Amino acid sequence: MPEPTASLPAGLTLSEQILSHAAGHVARAGDLVIAPIDRCMSHDSLTPEVIDALENELQAAHVKHPERIAVIIDHVAPAASVPTANAQMKVRRWVAQEGITHFYDVGVGVCHQVMIEEGLVAPGQIAIGTDSHATAYGAVGCFGAGVGSRDMALAMATGQNWFRVPETIRVNLHGRFRPGVSAKDVSLYLCGSLGMEGANYQAVEFHGAPWMTLDSRETLCSMTTELGAKAGLYYPEGEAAAHLQAPAWLRIDPEARYGRTVDVDLDALEAQVAMPPEVDHVAPASELADVKVDLVFIGTCTNGRLQDLHAAAEILKGRHIAPGVRLLLIPASHRILQAAVADGALATLLAAGATVGTPGCGPCIGRHLGVIGAGEVCFSTANRNFRGRMGDPEGLVYLGSPETAAATALTGRITAATAV
Amino acid sequence: MARIWVFGDNTDTDQILPGRYAPYMTSEADLSKYPFIEHRPEFAPQVQPGDIIVAGNNFGCGSSREYAPRALRAVGIAAIIAPTFARIFYRNALNLGLPLFEAELQSRVADGDLAELDRNQGALTVGGQVYELPAPPLWLRQVWDEGGVIAYYRNHGRLPLGEAE
Numbered sequence: 000m001p002e003p004t005a006s007l008p009a010g011l012t013l014s015e016q017i018l019s020h021a022a023g024h025v026a027r028a029g030d031l032v033i034a035p036i037d038r039c040m041s042h043d044s045l046t047p048e049v050i051d052a053l054e055n056e057l058q059a060a061h062v063k064h065p066e067r068i069a070v071i072i073d074h075v076a077p078a079a080s081v082p083t084a085n086a087q088m089k090v091r092r093w094v095a096q097e098g099i100t101h102f103y104d105v106g107v108g109v110c111h112q113v114m115i116e117e118g119l120v121a122p123g124q125i126a127i128g129t130d131s132h133a134t135a136y137g138a139v140g141c142f143g144a145g146v147g148s149r150d151m152a153l154a155m156a157t158g159q160n161w162f163r164v165p166e167t168i169r170v171n172l173h174g175r176f177r178p179g180v181s182a183k184d185v186s187l188y189l190c191g192s193l194g195m196e197g198a199n200y201q202a203v204e205f206h207g208a209p210w211m212t213l214d215s216r217e218t219l220c221s222m223t224t225e226l227g228a229k230a231g232l233y234y235p236e237g238e239a240a241a242h243l244q245a246p247a248w249l250r251i252d253p254e255a256r257y258g259r260t261v262d263v264d265l266d267a268l269e270a271q272v273a274m275p276p277e278v279d280h281v282a283p284a285s286e287l288a289d290v291k292v293d294l295v296f297i298g299t300c301t302n303g304r305l306q307d308l309h310a311a312a313e314i315l316k317g318r319h320i321a322p323g324v325r326l327l328l329i330p331a332s333h334r335i336l337q338a339a340v341a342d343g344a345l346a347t348l349l350a351a352g353a354t355v356g357t358p359g360c361g362p363c364i365g366r367h368l369g370v371i372g373a374g375e376v377c378f379s380t381a382n383r384n385f386r387g388r389m390g391d392p393e394g395l396v397y398l399g400s401p402e403t404a405a406a407t408a409l410t411g412r413i414t415a416a417t418a419v
Numbered sequence: 000m001a002r003i004w005v006f007g008d009n010t011d012t013d014q015i016l017p018g019r020y021a022p023y024m025t026s027e028a029d030l031s032k033y034p035f036i037e038h039r040p041e042f043a044p045q046v047q048p049g050d051i052i053v054a055g056n057n058f059g060c061g062s063s064r065e066y067a068p069r070a071l072r073a074v075g076i077a078a079i080i081a082p083t084f085a086r087i088f089y090r091n092a093l094n095l096g097l098p099l100f101e102a103e104l105q106s107r108v109a110d111g112d113l114a115e116l117d118r119n120q121g122a123l124t125v126g127g128q129v130y131e132l133p134a135p136p137l138w139l140r141q142v143w144d145e146g147g148v149i150a151y152y153r154n155h156g157r158l159p160l161g162e163a164e
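Residue numbers (numbering that gives the first Met the number 0), protein chains in the order written: chain A, 0 to 419; chain W, 0 to 164.
If you are wondering where the hints come from, they were derived from the structure by calculation, not from laboratory data.
Just so you know, these numbers come straight off a predicted model, no measurement behind them.
Mixed in with the good hints, there may be bad ones.
As the list claims (entries may be wrong) - Incomplete in silico selection of chain A near chain W, CB under 8 Å: (1) 52; (2) 130; (3) 146; (4) 149; (5) 246; (6) 250; (7) 253; (8) 366; (9) 386; (10) 395.
Claimed, not checked - Just a sample of chain A residues kept apart from chain W, beta carbon distances all over 12 Å, derived: (11) 43; (12) 157; (13) 161; (14) 163; (15) 255.
For each residue, glycine too, the CB sits at the ideal point set by N, CA and C.
Hey, can you work out the whole structure from these sequences and the hints?
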């Protein structure tokens, strides 16, 4: 069991503190540790493979801690084909067989949003997910890392897994957002300046903006994956963390050693856009006014939250999207959809010409609910614009904030929110 | 002799195996026809067991989809050599027993070159020239020989971590 918390020495980053505490001994960047896993998140796309690995390769009788496992159907929800429907039935049967009660079926929402909404991840914990954007759990101060099916199977069977303790990049946020600029612009700015592997094998910590909303923290932490990061962490402080109980041993240590420190001046930041086919191919939205779009997609674990829908509704209120443009809206969860219905944001967006899909991943991964054809251009609030990511390899995906997405839907060309 | 297949920087998981061809979408157990199906359609029909991928930085970036390295294993790729690998791909390949070597050879070999790999010593011979690769520790060779981390776990009753040579 972990040693008493008082044994953690000074000078540790948040990741070092969390992994040291879990491993029961002091671990610094570069060390390898075996740690118990507080939470395993597995979604529909990889759970069938996890089940196969558990049953056929590990020959594990059962999962070790069913109460620490969450299974969420979001990647192809509802099922778009018979093979997928059959795979989902396999997942439902297994969840029942293993007594996994944290099971969220079609329509509850994108896995990472559901994990945070349901309070399944907490400050100081270690969570792994069969999804690269499990880094999102850092929004509540949880060390969240994406893994593949076999790492998940090992963790489910044994309750633990091994980690290399990452070095940490410290990002200091200064000032406040300008109008029409939001967390996604910070993320894309970091992608542009650090590059797609700027944080490979490393963690990213955000400091200096305790006013940042939980929704924004989720965007920031989730997008560290696009820098290659193993975890993205926001220390649980400020109003957004008022409902969170941070353990006494978890703290921002002024003596912590960082591999690199990056300063971002929010007062000077303008709307950013990642151009296809790479996330670090970034330019200000104001320089891309020539780019015509066919589809605008607002949604995903990156930017499908209530704050994002509100930002889009604010811009689209009383107006209508441009002729020839499709605006697809997929709230990140059922709760968000309900809240947007209750507060009128959804009615505003529908009146502006939006159509709405089932809460889940939608076309982000190019499988259903709005994939694009050859030569089509999508402006998306998601996280990846790789060739073929959203459909035909000749389709093009531009990434940006919900504010820029809404303004772009209005004009039919890439447009910063301040220009409409 | 093994053929070398050269790929560039940031070869992402959507290039290796687009999400639309995931086993979850097709219920296809055999992944051997899918690697690079859209990015490089001649790869899957032509690749031979034992062939080697030499790539640029950040190979395997993107998704946690383990079926991407699994598809490369399915066609018999003997090793992937790149200066850096994206972290989840690295872990997945390790777990599957698919050898990865961190080395920059992209500028020194050409697509279609014939090569001989000594994975245990960490050496690639191309046209009489021997390129040194990071020599794998014993535990890693065992993971490769035994067929991955799960097989290792079953054989040894523990994770490979920290084993002394």
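Identify every previously stated hint that the structure contradicts and give their numbers, smallest first.
-> 5, 6, 7, 10, 11, 12, 13 and 14
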